[in-house]
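Participant: With chain A held as given, fit chain B onto it using these hints.
Chains as they are written, first to last, in my numbering: chain A, 1 to 412; chain B, 1001 to 1337.
The set of hints was computed from the structure by calculation and includes no laboratory data. There's no promise every hint is true.
Stated by the list, open to error - Taking lysine-lysine pairs in the DSS-like style, the calculated list, with each CA pair at most 25 Å apart, reads: (1) B/1187 with B/1197; (2) A/401 with B/1211; (3) A/401 with B/1266; (4) A/57 with A/350; (5) B/1266 with B/1211; (6) B/1020 with A/199; (7) A/368 with A/100; (8) B/1047 with A/199; (9) A/335 with A/57; (10) B/1187 with B/1239; (11) A/61 with A/400; (12) A/322 with A/26; (13) A/322 with A/335; (14) A/100 with A/143; (15) A/393 with B/1211; (16) B/1187 with B/1325; (17) A/143 with A/368; (18) B/1197 with B/1211; (19) B/1047 with A/400; (20) A/393 with B/1020; (21) B/1047 with B/1020.
Unchecked claim - Residues of chain B clear of chain A, computed beta-carbon distances all greater than 10 Å: (22) 1102; (23) 1257; (24) 1291.
What the hints assert, rightly or not - Sample of chain B residues at the chain A side, in silico, Cβ under 8 Å: (25) 1061; (26) 1068; (27) 1069; (28) 1073; (29) 1093; (30) 1096; (31) 1186; (32) 1189; (33) 1254.
We put the beta carbon where it would ideally sit given N, CA and C, even for glycine.
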Amino acid sequence: MIQKSRLHIPQPPARPGEAPDFSYVKISAPGEVPRPDVNTRAMDMADLAHSMVRVLKDDGKTTGPWNPHLEPEVLQVGLRHMMLTRAFDDRMQRVQRQGKISFYIKSTGEEAVAVAQCMALRPGDMLFPSYRQQGLQIVRGRKLVDLMCQCLSNTRDMCKGRQMPIMYHSREANLFSISGNLTTQYPQAVGWAMAAAMKGEDNLAASWIGDGSTAEPDFHHALTFASVYQAPVILNVVNNQWAISTFQAFAGGGREPFAARGLGYGIPGIRVDGNDFLAVYAVTEWAAERARTGAGPTLIEHVTYRASAHSTSDDPSRYRPKEDSDSWPLGDPIKRLKQYLVQLGVWTDKQHEALERELEMHAADSWKEAVTYGTMSEGPGLDPSDMFEDVYKEMPEHLKKQREQMLAEGGK
Amino acid sequence: MAQMNMIQALNSAMDIALSKDPRVVIMGEDVGYFGGVFRCTDGLQRKHGDHRVLDTPIAEGGIVGTAIGMGVNGMRPVAEIQFADYIYPAFDQIVSELARLRHRSAGDFFAPITIRSPCGGGIRGGQTHSQSPEGIFTHVCGIKVVMPSNPYDAKGMLLSAIEDDDPVVFFEPKRIYNGPFDGDPDKPARPWTTHPKGEVPEGHYTVPLGKAEIVRAGEDATIVTYGTMVHVAVAATEKSGINAEIIDVRSMAPLDVATLRASVEKTGRCVIVHEATRFSGYGAELSATIQEECFWHLEAPIQRVTGWDTPYPHAFEWEYFPGQKRIINALRTVMEA
Chain A
1 MIQKSRLHIP QPPARPGEAP DFSYVKISAP GEVPRPDVNT RAMDMADLAH
51 SMVRVLKDDG KTTGPWNPHL EPEVLQVGLR HMMLTRAFDD RMQRVQRQGK
101 ISFYIKSTGE EAVAVAQCMA LRPGDMLFPS YRQQGLQIVR GRKLVDLMCQ
151 CLSNTRDMCK GRQMPIMYHS REANLFSISG NLTTQYPQAV GWAMAAAMKG
201 EDNLAASWIG DGSTAEPDFH HALTFASVYQ APVILNVVNN QWAISTFQAF
251 AGGGREPFAA RGLGYGIPGI RVDGNDFLAV YAVTEWAAER ARTGAGPTLI
301 EHVTYRASAH STSDDPSRYR PKEDSDSWPL GDPIKRLKQY LVQLGVWTDK
351 QHEALERELE MHAADSWKEA VTYGTMSEGP GLDPSDMFED VYKEMPEHLK
401 KQREQMLAEG GK
Chain B
1001 MAQMNMIQAL NSAMDIALSK DPRVVIMGED VGYFGGVFRC TDGLQRKHGD
1051 HRVLDTPIAE GGIVGTAIGM GVNGMRPVAE IQFADYIYPA FDQIVSELAR
1101 LRHRSAGDFF APITIRSPCG GGIRGGQTHS QSPEGIFTHV CGIKVVMPSN
1151 PYDAKGMLLS AIEDDDPVVF FEPKRIYNGP FDGDPDKPAR PWTTHPKGEV
1201 PEGHYTVPLG KAEIVRAGED ATIVTYGTMV HVAVAATEKS GINAEIIDVR
1251 SMAPLDVATL RASVEKTGRC VIVHEATRFS GYGAELSATI QEECFWHLEA
1301 PIQRVTGWDT PYPHAFEWEY FPGQKRIINA LRTVMEA
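So here's chain A without its partners, still in its complex pose (with noise of 0.2 Å):
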């Protein structure tokens, strides 16, 4: 037999037209995976990165030693906020394609990650968000008509418009200003948990990016900074499949879970049920646990699926099947939350429905009177000169001078 070196290009196990196949997503049964204590050695629960914790059962049931005993009030609240995210997507993609806002990205069907882990933690723990975390600004009370401001760029913009749609930020709340840049949040994250550190403060910082993001140089950056200091971080990988077009194995995650490159470096990895609230809730409260208490970091990857395009720029039925997010094996994470709290009986689908329709109604007031501190076509404008602003903390003489000249040429 000759045998020579041959060149791997990883396949997505479907493409349109075909049927899809999530034979490849390894799915351990709810209530599957101990749960160890927080000061284990990562290497001595390196079964974590490989199977995947889930509380959640197909009846609606919840199990396991990852149960958070959530009371049924917190579970609400987490609902409205899933739904609250949903509703607040549906709202800005519909009024993009109105030509209202130049641009949008939804999270939908991913809506657990950020709400679920959001809640798990304290006011004062720092997010670094990548831009499809748009749950963190809700379960921190920003409200819908500032986010949407935000996209419009107008006179209420947090950003002054200076920043595409949905790269949001709020000093108050402790959410990073979002980069368009991908992973370059992951090290900071680091850096500003190391300074938390220093200063003998509990807070934690999180971050966020996605599956492709991880084959950034940041990425392993973060990790390393993060194992060698033992910065109180939580780094998540959100595993949605795809990265614009480009399926996650070409970020090697045909190999190995991403949760298990944290084991590299001495950093538990931890993989979950990213579409299953209670099983979110529970390995992020586990990991800011070792956080605040010395254990040091912890990398966590969810698994879930990009049920929407990328972006309102992106049209993923050219790249995937179209019934593939009806056949994800993981289901909505709204769904699976309602289920249990309608099996718990503190809940109803008719519940569920007014507050369907109350949210809707809540996105659609908030974009009425967002629209009323100005769109990018109508006025009330923000004043241009003001781009000269911040770009240093004191304008120095050259802005100045462009300044002058812009505002006597103007534009166009």
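Facilitator: Below, chain B without anything else, positioned relative to chain A:
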């Protein structure tokens, strides 16, 4: 006053900053226990502890990325990039993050970081230990880019940089760490004790960023330069017999245009000198600015004396280095026009 070389002056600045402000953290490769490959942080970890003077992994992107996070969380990191030639892995964090954070968050977040990095050639460093990449950074809005040319400025400017709420890239011309080098490698090395700017106050003082300095007053032509080349230009001018005014830019961004304008309006002739490569180099910005500001006063085309547009060659360092002879030739050219 004490006698200090640039290394001691920089060390003194960091020592004072660490003593004065608990938010200051020094970080970088080999900066801690060892005290830095050029000894700039010598003794600082012993004095201030290993939580404030941090040895880091060899990952420039990680150093700057984590420094940004620390800065956002209220610290004032002073990050050393061991050689300016090694700064490129941190480029994305500097350009896309550090420089723009204040602007993109409408002033709500900022990271007051100083990035120190030894630059320049003349030390047999070949192409990976000799570069002068300042022009790559002056093109980036939102950061300040500075380079001192003597111990007094080094200490005062570093303290200004650390206390500045804007990010500062602080280049240190390593050829003059130990003494003012006039461009003649065959002459015996001269220590900073022979130079008035080697006298440095032991306590706290600052030299403002954004201000150039006239290091030699003159009437016939203006030499605009910075870093090591200040000393080469002074020696070349003395040798040339031309009464040139020499301006040490010190702060490349923001640039002190007023000082340049006043000088060139007076002399009408200008030679720009830097060690970095020429094409799209910082000299192009200086030349364009001076032309815009002083066109009607110019008696001759502006000349640029720079490193050649090649990688810095190990074996042909002194053919590459823009030495006295080339500066004198450029001075004669502007005088003869």
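Participant: Tell me, which hint numbers fail for this structure?
Facilitator: 11, 19, 22, 23, 31, 32
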